[in-house]
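Student: One letter stands for each residue in the lines below.
There are 2 protein chains.
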Amino acid sequence: MGYEIERKFLVNGEYKSFAFKQYRIQQGYLSVSKENVVRVRVRDDKGFLTIKSGAVKDRFTRYEWEYEIPLADADEMLRLCAQGVIDKTRYLVKAGAHTLEVDEFYGDNEGLVFAEVELTHENEAFTPPSWLGKEVTGDIRYYNAYLSQHPYKKW
Amino acid sequence: MGYEIERKFLVNGEYKSFAFKQYRIQQGYLSVSKENVVRVRVRDDKGFLTIKSGAVKDRFTRYEWEYEIPLADADEMLRLCAQGVIDKTRYLVKAGAHTLEVDEFYGDNEGLVFAEVELTHENEAFTPPSWLGKEVTGDIRYYNAYLSQHPYKKW
Numbered sequence: 001m002g003y004e005i006e007r008k009f010l011v012n013g014e015y016k017s018f019a020f021k022q023y024r025i026q027q028g029y030l031s032v033s034k035e036n037v038v039r040v041r042v043r044d045d046k047g048f049l050t051i052k053s054g055a056v057k058d059r060f061t062r063y064e065w066e067y068e069i070p071l072a073d074a075d076e077m078l079r080l081c082a083q084g085v086i087d088k089t090r091y092l093v094k095a096g097a098h099t100l101e102v103d104e105f106y107g108d109n110e111g112l113v114f115a116e117v118e119l120t121h122e123n124e125a126f127t128p129p130s131w132l133g134k135e136v137t138g139d140i141r142y143y144n145a146y147l148s149q150h151p152y153k154k155w
Numbered sequence: 001m002g003y004e005i006e007r008k009f010l011v012n013g014e015y016k017s018f019a020f021k022q023y024r025i026q027q028g029y030l031s032v033s034k035e036n037v038v039r040v041r042v043r044d045d046k047g048f049l050t051i052k053s054g055a056v057k058d059r060f061t062r063y064e065w066e067y068e069i070p071l072a073d074a075d076e077m078l079r080l081c082a083q084g085v086i087d088k089t090r091y092l093v094k095a096g097a098h099t100l101e102v103d104e105f106y107g108d109n110e111g112l113v114f115a116e117v118e119l120t121h122e123n124e125a126f127t128p129p130s131w132l133g134k135e136v137t138g139d140i141r142y143y144n145a146y147l148s149q150h151p152y153k154k155w
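Protein chains in written order, with the working numbering: chain A, 1 to 155; chain B, 1 to 155.
Here are the simulated DSS-like cross-link-like pairs (lysine-lysine), alpha carbons at most 25 Å apart as the crow flies: (1) Lys46/B / Lys52/A; (2) Lys34/B / Lys52/A; (3) Lys34/A / Lys34/B; (4) Lys46/A / Lys52/B.
Hints in this document: simulated from the structure, not taken from any laboratory.
Values in this document were obtained by computation on a predicted structure and should not be read as measured data.
The task is simple: from the sequences and hints, build the whole structure.
Tutor: See the structure below:
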């Protein structure tokens, strides 16, 4: 069992030169409903299955479970995903005590870049660096599950 | 990746005295759609997450993946399942070269007992023992996912 507290920001400035790590990510959705999201992800050469429950703990928090699965299974599940598959590079960038995940999207979501920061509690201080723009925490248009069905190029 | 070829039969006679093993099973559904079923199961003291794809390989076969997960995770997912949770005992019974799984249901599905046999290929011979009744392979009313929403006592 895990809890997730995240804030999300659009990205306006240069960030790639600050990145200390990057991954290629492809992900699709086995289920998207009010109750939960079931996601399959290939991150570089590893497969993952993730369940995000719609059951909300508080404003920024929901239940989440993630399991590593064989890459061949994840690849096959991606091929069976009925909806669009998200393709992106994730850059990890330090910002003070925090690590930001900056996602640059490809394909039908090309042109979209946003950053997420995971906090350990809801009232934790976080000062956005200058290259972050508008906060979009909680805006469903920036959920990957939404983007897989309503890609950025069609907004 | 795995494939599953199953035939299912109602149970008319005595089978418990033939059982060589039994499990208590509770299971719920994170997703039920045309595309796939995502199931969480607690079998005795183990947790499992299973994905059954709706993508059909041939008449008796569909894709299926199963992963063991921590019991505490599975218990928590069961509590978050919006639909009814299936509660049953599974008895394993030998029938010639095959092993039958006989499910006796409790709660809202009390009174229902059916047996499944897994075959290695579609044309494999299987002679049902005398305590098996009508074949119900492919009848969606006997799918556990259906029973969780439409329990047997309300048929």
